Amino acid sequence: MAIGLVRKAAVMTSGTRTTGRSGMSVEEFGYLSGGPGRAAEVAIVRLLEAGLLRISREGVVSAVSTTAHGAATPLEAYALGAARGGRALGSLIKATAGSGALDAVKQHLVDRGFLVSPGRRRAWGLVSFIATLVGVGAVVAVGVADLNVGIAIVLVVLALAVRWSTNRMRRPVRRAGRREVNAVTVMSNDRVGIVAQHGLAGRIGNFPNTHRVWEMLGIAPSAGATLRRGKPGRRSNDGSTSASSCSSCSSGCGSNSSCGSSSDSGSSSSCGGSSCGGGGGGD
Amino acid sequence: MGAVDRLGVGIGWRAEIDLTVERLPDVDFVEVVAENLHVEHLPESIVLLRERGVPVLPHAVSLSLGSADPVDAHRVEHLGAVAEALGAPLVSDHVCFVRAGGLDSGHLMPVPRTRDALDVLVANVRTAQANLPVPLALENIAALLEWPDGELTEGQFLAELVERTDCFLLIDVANLHANARNLGTDPNRFLDEIPLERLAYVHVAGGVETDGVYHDTHAHAVHPEVLDLLGELRSRVDPPGVLLERDDNYPSDSELAAEMAAIRAVLAGHG
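These protein sequence lines map, in sequence, to chains A and B. First residue of the first sequence? That's 1 in the working numbering, and the numbers climb one at a time after it. First residue of the second sequence? That's 284 in the working numbering, and the numbers climb one at a time after it.
Think of the hints as simulated: they come from the structure by calculation, not from any bench. Hints may be right or wrong, so weigh each one.
[Claimed, not checked] Chain A side only, calculated, beta carbon under 7 Å to chain B, not exhaustive:
no., residue
1, GLY51
2, SER56
3, VAL64
4, SER65
5, SER222
[Said to hold, decoys possible] If we take Cβ atoms under 10 Å as the criterion, some of the chain B residues that face chain A in the derived model are:
no., residue
6, GLU299
7, ASP301
8, HIS498
9, ALA502
10, ASP531
11, ASN532
12, TYR533
These numbers come from a predicted model, not from an experiment. All residues carry an ideal CB built from backbone N, CA and C; glycine is no exception.
With the sequences and hints as input, model every part of the structure.
Rendered as structure tokens:
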């Protein structure tokens, strides 16, 4: 299947990888664009497009019985196995986003400097917490310990600055990762690439003639309706979001609490909504 | 009671393959498991098929007509309501029991082929028929055991059932094959003994043989021997309908279409 991801308006690629300097896979592009849920969506849609999965009108995804070895990546293999008995699309996305196969995708991105490691994010979180304590402590100390108001103001301003800075440092996607995402152009006929960039619940087209990505894929409205949009999270510049914006698909979030799948695209978007949700013999 | 109108070649509708069923070419009718439907909330796919004019036949699995317990009126009522909601020309269930003494077997269990058991079955079928808005067809099952002291062959048992209740027959040729493999029954004798003029339609399904036992899984490809039996039946009667059943491990659309084409080829080849 041709994946029309082009880096720097250069080489069209085939298979499941982009070409270019980094050779980023479509799943990795999806992860950097929208988090683990997005990468899971990419794997599932690739299998749907290849006829290895089928989706029902009500949104139940099931593996097509075949002897062909169609899974091209470990993440696809996981999704294919998880859909053996039939599973609601949202549930399958969540399960795939929380799988060990996706951890491997994430680790690969961490190793290449595109994602911040969970340890580093925790460390910056601790710094942010301490800064908060200092700021609150300074305000309290004005009242109970006669701390000079000027010093307290300086401490509070410093604490706020540290918090702002550490929160930026805690963003899952690093600058190098954002550059990679920005360098990719998705061709208009590249359906899997479009999912990676926008997410299943994302909108494409020119206003006012926009439509959801799942509509472009021919997914039935009753199945598409199972992809709930989450509450908008705090905007960030890295295509991901804070944990609070993952409320509608908590298990779609990776261990680093980045969002399941943003419905907006690119490096400049926030995690506006996640593509998680639930959908859903005789003789 | 007259004969069943021509149905053609159909496929079992299942939620997982609803879009496939809608897409497949030349689907003349479909069958749904009645217990899986809510009359107030019919699946969109079923509604669409009905709008296209595709007959949708409810197939029940829980009436337990062979049970010594009285027929569950609520189950019959539900089956009738589904039939009316779908505008179905007939409904069906099995010659079996699935519960006894308050316990559900989880399987279609064979009825002892004795005159006493037949009396019970006939009484239950008559009760069901009296409370159904459309005719009832009954299906032969695949069994892994036969009760001892049987007084009738399966064909004789069904023939007498039809004679006493005027029900239709739904003949599953895969079940005939399974019983031939596992119990040593003679499918040709069965076909000789049943009243083929009361045939509503035919089931065809796949299975797998493991350690010398044939399992009627509905999750594997249809065996050539099953199609041979369909041909044998077709050489005796032109069945109003033939339906492909697939309940799990669904193959691609093209493979399902190929199995339906194979059924059509058998029907055409033995006409």
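Hints not upheld, ascending by number
8
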